[in-house]
Every structure is written in structure tokens, then in C-alpha cells.
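**Q** Okay, here's what each chain looks like letter by letter:
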Amino acid sequence: MLHIVNKSPLERNTLDSCLAAAQPGAAVLLIEDGVYAATRGNAAEGKLRAALARLEIYVLAPDLEARGMAQVLSDGVKPVDYAGFVDLVAKNRNCQSWL
Amino acid sequence: MSEGQVKKIMYVNRKAPYGTIYALESLEVVLIAAAFDQDVSLVFMDDGVYQLKKGHQTKGIEVKNFQPTYRALDDYDINKLYVEKEALEARGLSEDDMCVPVEVKTAAEIGKLMDEQDVLLSF
Amino acid sequence: MAAIEVNGKSYEVDEEGYLVNLAEWNEDVGKLLAEGEKIEMTPSHWEVVNFLRDYYNEFQIAPAVRVLTKAIGKKLGPEKGNSQYLYELFPYGPAKQACKIAGLPKPTGCI
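Protein chains in written order, with numbering that gives the first Met the number 0: chain A, 0 to 98; chain B, 0 to 122; chain C, 0 to 110.
Treat the hints as calculated values from the structure; they're not laboratory data.
Mixed in with the good hints, there may be bad ones.
Okay, the calculated beta carbon distance ranges per label pair [stated by the list, open to error]:
#1 D53/C / T57/B: 19 to 27 angstroms
#2 A42/A / E23/C: 49 to 57 angstroms
#3 G54/B / N93/A: 34 to 42 angstroms
#4 R53/A / E115/B: 17 to 25 angstroms
#5 K52/B / W45/C: 23 to 31 angstroms
#6 D53/C / G54/B: 18 to 26 angstroms
#7 G54/B / N81/C: 33 to 41 angstroms
#8 D114/B / K74/C: 36 to 44 angstroms
#9 D74/A / E27/B: 40 to 48 angstroms
#10 E23/C / E24/B: 26 to 34 angstroms
#11 D73/B / N93/A: 25 to 33 angstroms
#12 A65/A / K74/C: 35 to 43 angstroms
#13 N91/A / D27/C: 57 to 65 angstroms
Calculated pairs, SDA-like style, for lysine to any residue (alpha carbon to alpha carbon, straight line, at most 20 angstroms) [what the hints assert, rightly or not]:
#14 K69/C / N78/B
#15 K73/C / F50/C
#16 K52/B / Q59/C
#17 K63/B / Y55/C
#18 K37/C / Y84/C
#19 K52/B / E57/C
#20 K7/B / A89/A
#21 K73/C / D73/B
#22 K52/B / L87/B
#23 K73/C / D74/B
#24 K95/C / E34/C
#25 K69/C / D36/B
#26 K74/C / D76/B
#27 K58/B / E23/C
#28 K111/B / N91/A
#29 K79/C / D74/B
#30 K105/C / E11/C
#31 K46/A / E85/B
#32 K111/B / P23/A
Here's a subset of chain A near chain B, in silico, CB distances under 8 angstroms, partners left out [to be verified]:
#33 N12
#34 S16
#35 A19
#36 Q22
#37 A82
#38 Q95
These numbers come from a predicted model, not from an experiment.
Cβ atoms here follow ideal geometry from the backbone N, Cα and C, with glycine treated the same way.
Modelling step: build the complete structure from the supplied sequences, incorporating the hints.
**A** Now the structure itself:
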């Protein structure tokens with residue numbers, strides 16, 4: 000299953016809700032303002048790192064680059080481009096967008 | 000529609016009512032899509048649990064009170080309503096505060112149900 | 000906005016002829032709306048229209064036809080809770096026509 004998060008972890012609790020529900024082995028894709036969660040120094044860094052132990056975490060690179068955050072991408076988070084986004088959606092049986 | 004095509008469809012509601020249009024839009028989509036006879040469930044997480052908090056009185060804000068409509072869901076054969084336990088607790092609410100019969104589940108239990116769905120619609 | 004006139008009073012209706020303000024409804028308005036649908040109201044027609052108004056008051060929606068059929072069967076008996084009976088009364092769609100006559104908005108899910 001694929002979970003998509005598009006809100007900053009410091010503005011909304013969306014990431015927390017996602018991580019609480021996501022089952023081991025699920026994929027999480029961070030897009031739009033959601034990408035800030037995958038950057039070094041962000042207050043959410045710890046919970047994201049903990050989640051990496053049981054979840055596959057991806058970040059949409061164009062959104063990261065647009066925000067000038069590509070250089071501080073957290074280790075273990077896999078950047079994908081738009082084609083990679085499509086692949087993730089196609090590969091997973093279903094998808095929940097945490098609006 | 001034949002039995003073989005019945006899909007599991009889950010509506011995920013995570014927004015408080017009235018502040019945004021999400022809650023009402025979700026309810027309308029649920030009612031419209033009920034015509035397709037699918038295996039439907041509704042979950043209420045985070046501020047979405049406020050949608051079911053008994054006793055909405057909307058006269059003062061001049062907005063239609065759509066809470067009574069949740070009680071019609073049973074007529075539409077929609078009776079799987081799940082409410083997130085942690086969300087209730089964080090808001091000082093309990094199952095007794097809900098305006099319709101619901102099943103309280105933890106976020107992780109809801110996550111398991113999500114895994115089983117064919118389609119998830121988020122509001 | 001269009002309007003219809005009943006007993007010298009004007010009532011706003013939308014582009015499809017549905018009453019805009021359901022609180023303004025009365026039986027004479029219902030009769031005129033029925034004329035527009037080429038329906039002559041009988042006690043059986045009023046029974047369905049009043050059922051719909053009660054349903055709306057309780058649940059704040061006009062039910063889909065499938066739901067209406069089932070709910071009428073429960074309340075008024077199985078001989079009335081079937082689509083044949085309801086279509087005989089309202090040939091162009093019980094939910095659509097009866098809702099219009101009842102002064103309710105178009106049923107949710109009705110195209």
C-alpha cells in the first residue's frame with residue numbers, strides 16, 4: 000500500500016496520522032510541503048528516521064528542489080521523479096492520500 | 000452490477016465540519032456513490048471525529064446542519080462506521096458522544112483495514 | 000430567478016422548477032408544481048409527498064429512489080414500497096417528481 004503526505008509536519012499532524020496507521024512494509028511518499036519532513040534538522044527528523052525501520056519512505060525530488068532542500072535530504076529517504084511517482088502508484092494495490 | 004465486481008471502498012474523513020467543505024462533500028459523495036452497491040466503509044480520524052460529535056446547532060452560523068443526514072446512512076445500507084480511538088481521546092470525546100452507532104478502532108487497526116481496500120477516498 | 004404564482008403570492012423556483020425556499024411550501028404550491036408535471040394529485044400522491052417531506056425534516060436529504068422505495072415499504076406497507084406503484088403515481092421518476100411537488104431540492108445522486 001502507498002501512503003501520500005503533502006503537508007509540512009510542523010503545520011499539520013498529517014505525517015503523524017499516516018505513520019500511526021501505516022502497516023509495516025508500506026510505502027510512504029512525501030510530496031509538496033510534505034517533503035520538509037525528510038530534511039536534516041527538521042523537528043520531524045527523529046520520527047521519520049524511526050519510521051524508516053519499518054516503512055519505505057520516498058520523497059518527490061522536484062518538490063524538494065523547488066524548496067531549496069535537496070542538499071539536506073535525510074539519509075535513507077529515496078528521491079523519485081514524476082515517473083517514479085507514477086511507478087509507485089502503479090506498483091501498489093491501493094493508495095491513501097493524507098490530505 | 001454483478002457480485003464479482005463489488006469493491007471495497009473506504010472514505011477517510013479527517014477534517015472538522017463547517018470550517019471547510021470537506022465533511023459535507025464527503026457525505027454527498029458517499030450518498031451518491033451508494034447507488035453502486037459496493038462494500039463501503041467510513042472512517043473518522045483526527046478532527047474528522049468532530050463530524051459525529053452529537054448536538055450540532057448551526058442556526059447561528061447560517062449553515063445547513065448536515066448531522067441528521069448521518070442517521071440516514073443506514074437506509075443507504077452503509078453501516079460500517081469506524082472512529083479512531085486516539086482521536087476521540089485527544090479531544091475529550093468517547094463513543095457516547097457520537098451521533099450514530101460506530102465501532103471504535105485504534106489508528107493501527109484502521110491502517111490494517113486500509114490495506115484491505117480496493118479504493119480509498121480522502122476528505 | 001424564475002418564479003411561480005399561487006393565490007397572488009410569488010414563489011421563487013430554480014432553473015429546473017424546484018422551489019428555492021422549502022419553508023414557503025404549502026399544499027396549493029404543491030398542486031401547482033404537480034400541474035407543471037402533468038400530475039393530478041390524489042390521496043395516494045399526497046401520501047408519498049408528505050412522506051418525503053417528513054423524511055427531509057428528519058434527515059435533511061431527499062432520499063434516492065431505491066431508499067425511498069424501501070422506506071415507504073417499511074412505513075406504508077409492501078404494496079406501496081415497490082417501484083411499480085411509485086412509478087404509476089409519478090411516471091417520470093418518483094424521487095424527482097415527488098420531490099419537486101413536495102418543494103424539496105432534487106434528490107442527492109439524481110442526475
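**Q** Does each hint fit the structure? Answer for all of them.
**A** Hint-by-hint comparison with the structure:
1. At about 21 angstroms, the CB distance of D53/C to T57/B agrees with the hint of 19 to 27 angstroms.
2. In this structure the hint that A42/A and E23/C lie 49 to 57 angstroms apart at CB holds, the actual value being about 56 angstroms.
3. Checking the proposed 34 to 42 angstroms range against G54/B and N93/A shows it holds: the Cβ atoms sit about 35 angstroms from each other.
4. Checked against the hint of 17 to 25 angstroms, the pair R53/A and E115/B passes, with Cβ atoms roughly 19 angstroms apart.
5. For the hinted restraint 23 to 31 angstroms between K52/B and W45/C, the CB-CB distance of approximately 38 angstroms leaves it violated.
6. The hinted window of 18 to 26 angstroms between D53/C and G54/B holds, with their beta carbons roughly 22 angstroms apart.
7. About 37 angstroms separates the C-beta atoms of G54/B and N81/C, a value consistent with the hinted range of 33 to 41 angstroms.
8. Checking the proposed 36 to 44 angstroms range against D114/B and K74/C shows it holds: the Cβ atoms sit about 41 angstroms from each other.
9. The given range of 40 to 48 angstroms is respected by D74/A and E27/B, whose C-beta atoms sit roughly 44 angstroms from each other.
10. Judged by the Cβ atoms, the range 26 to 34 angstroms given for E23/C and E24/B holds: they are separated by roughly 27 angstroms.
11. Against the hinted window of 25 to 33 angstroms, the Cβ-Cβ separation of D73/B and N93/A comes to about 26 angstroms, which satisfies the hint.
12. Checked against the hint of 35 to 43 angstroms, the C-beta distance between A65/A and K74/C comes to roughly 59 angstroms, which is inconsistent with it.
13. Range check, N91/A to D27/C: about 59 angstroms between beta-carbon atoms, so the 57 to 65 angstroms window is met.
14. Between K69/C and N78/B the alpha-carbon distance is near 16 angstroms, which keeps this suggested pair within the 20 angstroms criterion.
15. Proximity of K73/C to F50/C is assessed by CA-CA distance (about 12 angstroms); at most 20 angstroms being required, the pair is judged to hold.
16. Of the supplied pair hints, the one linking K52/B and Q59/C holds, its CA atoms being roughly 17 angstroms apart against a limit of 20 angstroms.
17. Taking the CA atoms of K63/B and Y55/C, the gap is about 13 angstroms. The hint holds against a cut of 20 angstroms.
18. With a CA separation close to 18 angstroms, the supplied pair K37/C and Y84/C stays within the 20 angstroms bound.
19. For a cut-off of 20 angstroms, the pair hint linking K52/B to E57/C stands: about 18 angstroms separates their Cα positions.
20. Between the alpha carbons of K7/B and A89/A the distance comes to roughly 18 angstroms, so the proposed pair stays at or under 20 angstroms and holds.
21. As the CA atoms of K73/C and D73/B are separated by approximately 14 angstroms, the hinted pair is consistent with the 20 angstroms bound.
22. For a cut-off of 20 angstroms, the pair hint linking K52/B to L87/B stands: about 10 angstroms separates their Cα positions.
23. Of the pairs offered as hints, the one joining K73/C and D74/B holds, with about 11 angstroms between alpha carbons and a cut-off of 20 angstroms not exceeded.
24. A distance of roughly 15 angstroms separates the Cα atoms of K95/C and E34/C; the hinted pair therefore holds under the 20 angstroms criterion.
25. Of the supplied pair hints, the one linking K69/C and D36/B holds, its CA atoms being roughly 15 angstroms apart against a limit of 20 angstroms.
26. Between K74/C and D76/B, the direct Cα distance comes to roughly 17 angstroms. Compliance with the 20 angstroms bound is thereby established for this hinted pair.
27. This hinted pair checks out: K58/B and E23/C have alpha carbons roughly 18 angstroms apart, not beyond 20 angstroms.
28. With a C-alpha separation of about 15 angstroms, the suggested pairing of K111/B with N91/A holds against the 20 angstroms cut-off.
29. About 17 angstroms separates the Cα atoms of K79/C and D74/B, which keeps this hinted pair within 20 angstroms; it holds.
30. Pair hint K105/C plus E11/C holds up; C-alpha atoms about 15 angstroms apart against a cutoff of 20 angstroms.
31. Between K46/A and E85/B the CA atoms are separated by roughly 18 angstroms; this keeps the pair inside 20 angstroms, and the hint holds.
32. Only pairs whose Cα atoms come within 20 angstroms are accepted, and K111/B paired with P23/A is accepted, the gap being roughly 10 angstroms.
33. Interface hint at N12/A: satisfied, since its Cβ lies 6 angstroms from the closest Cβ of chain B, which is below the 8 angstroms cut-off.
34. Evaluation of the S16/A hint against chain B yields a held restraint, the C-beta minimum of about 6 angstroms falling below 8 angstroms.
35. Taken as an interface hint, A19/A checks out: its beta carbon lies about 4 angstroms from the nearest beta carbon of chain B, inside 8 angstroms.
36. Evaluation of the Q22/A hint against chain B yields a held restraint, the C-beta minimum of about 5 angstroms falling below 8 angstroms.
37. Proximity of A82/A to chain B is violated relative to the hint, the smallest CB-CB distance being about 23 angstroms (cut-off 8 angstroms).
38. Because the beta carbon of Q95/A sits about 5 angstroms from the nearest beta carbon in chain B, less than 8 angstroms, this interface hint is met.
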